[in-house]
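From first to last, the protein sequence lines are chains A and B.
Note that our numbering has the first sequence beginning at 919, numbered continuously upward.
Note that our numbering has the second sequence beginning at 1015, numbered continuously upward.
Since the hints were made in silico from the structure, they are not lab data.
One or more of the hints may lead you astray.
[As the list claims (entries may be wrong)] Okay, derived cross-link-like pairs now, DMTMM-like style, lysine to aspartate or glutamate, Cα gap no bigger than 25 Å in a straight line:
{"hint": "1", "chain 1": "B", "residue 1": "Lys-1143", "chain 2": "B", "residue 2": "Glu-1166"}
{"hint": "2", "chain 1": "A", "residue 1": "Lys-941", "chain 2": "B", "residue 2": "Asp-1190"}
{"hint": "3", "chain 1": "A", "residue 1": "Lys-941", "chain 2": "B", "residue 2": "Asp-1042"}
{"hint": "4", "chain 1": "B", "residue 1": "Lys-1215", "chain 2": "A", "residue 2": "Asp-1048"}
{"hint": "5", "chain 1": "A", "residue 1": "Lys-941", "chain 2": "B", "residue 2": "Asp-1219"}
{"hint": "6", "chain 1": "B", "residue 1": "Lys-1106", "chain 2": "B", "residue 2": "Asp-1051"}
{"hint": "7", "chain 1": "B", "residue 1": "Lys-1224", "chain 2": "A", "residue 2": "Asp-1014"}
{"hint": "8", "chain 1": "A", "residue 1": "Lys-1026", "chain 2": "B", "residue 2": "Asp-1223"}
{"hint": "9", "chain 1": "A", "residue 1": "Lys-941", "chain 2": "B", "residue 2": "Asp-1051"}
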Amino acid sequence: MTTIATPRSPYARSPRRGVNWEKAGWLYMRISGVILVVLILGHLFVNLMLGEGVKGIDFAFVAGKWASPFWQVWDVLMLWLALIHGANGMRTIVNDYATTRGMRVTLKTFIGISAVGLILLGTLVATTFDPCPQVSVDQLHLLPSFCPPQ
Amino acid sequence: MAAATPTMPAVQAFTITLNIRRFQPEVDQEARWQSFDVEVYSTDRVLDALHKIKWEQDGTLSFRRSCAHGICGSDAMRINGRNRLACKTLIKDLDITQPIYVEAIKGLPLEKDLIVDMEPFFAAFREVKPFLIANSKPEKGKERIQSIANREIFDDTTKCILCAACTTSCPVFWTDGQYFGPAAIVAAHRFIFDSRDDAAKVRLDILNDKEGVWRCRTTFNCTDACPRGIQVTQAIAEVKQAVLRGRR
């Protein structure tokens, strides 16, 4: 983006208005960042390094993980922290680069809706996941081993 | 005895090209680049080249300068894409095989040629109350005592000359100019950490604003731009920590 302003562009510092969340946002980025390092590296280690590694990931693997409340909490926490962290980062970038108020509001609204949508959908999936759905006979081998026989 | 006088080697002179971003509000709708060839000496500064142009080639060229010795902070400009003081930038330190690009500092309204309206910059500066606010009176006939260690804490930020090189190098400030900017935070830092001052909380509250210290992205442009070598980004970080603590 060019940063050369048009000559004599109007300029004034506008008066303060609205609630100031910036300090909370700044702190959130740092705290969630540290927690996310642990959560994401742990996630990658368990999924990609342990056992058969990346080849071991299939429906049964995910179903097996989400049958445990520990991994449900882990993943939902990761989802919330990462999406809010990412959305706040994008909001910051919009504040820095979008030059008109209309553009800022539009982009930030879009970011907010996507973040909230993804958080709700992800939380819904992780908390209501059925590890043993009804499947056809040829797909039975995909189910985790702890499922009752169909 | 004349023969004994050591002959000084002649100072080397050469011709350089300056591309200057001109804007004459009476005739120009848009800013435009204009090229000047100037003969300068290796000991000259960019300011000397600008003077030569103004005095010998084009009297309409406008720029600010006052002391011409790097202390008044008048002649901050963007030279080859970096904010510097024209009076502290030696031509021999630039690449003279290429034209040297000189333009006004960015993010403030351009008034004419290299002159910008500094008022928004000073408005942000005034907002942080850059003066001593003390609740107690010193003992009659005495001064306010401060230890060397306490003076040392804010020594770096006392060096600011308000040239605006830092604030106008800050990409956050370029966006909409609502951010207080590094220079105002440096000025606040100088008083927040002064043991003789009693209004640290007031200033921290002012900077704990939507457009305050939290907009700083630590890109270090300000630290690189400061002609006085102030560690601006570090000062901003110290103010951020003080805001979190709620006290000096």
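Evaluated hints:
1. For the given pair, Lys-1143 (chain B) sits about 21 Å from Glu-1166 (chain B) by alpha-carbon distance, which is consistent with the 25 Å threshold.
2. At roughly 20 Å between alpha-carbon atoms, Lys-941 (chain A) and Asp-1190 (chain B) fall within 25 Å of each other, so this suggested pair holds.
3. For a cut-off of 25 Å, the pair hint linking Lys-941 (chain A) to Asp-1042 (chain B) is broken: about 44 Å separates their Cα positions.
4. With a C-alpha separation of about 55 Å, the suggested pairing of Lys-1215 (chain B) with Asp-1048 (chain A) is violated against the 25 Å cut-off.
5. Taking the CA atoms of Lys-941 (chain A) and Asp-1219 (chain B), the gap is near 11 Å; set against the 25 Å cutoff, the hint holds.
6. A distance of roughly 16 Å separates the Cα atoms of Lys-1106 (chain B) and Asp-1051 (chain B); the hinted pair therefore holds under the 25 Å criterion.
7. Simply put, Lys-1224 (chain B) and Asp-1014 (chain A) have alpha-carbon atoms about 13 Å apart, close enough for the 25 Å limit, and the pair holds.
8. Only pairs whose Cα atoms come within 25 Å are accepted, and Lys-1026 (chain A) paired with Asp-1223 (chain B) is accepted, the gap being roughly 19 Å.
9. Note on Lys-941 (chain A) and Asp-1051 (chain B): the hinted pairing is violated, with a Cα-Cα distance of about 51 Å set against a maximum of 25 Å.
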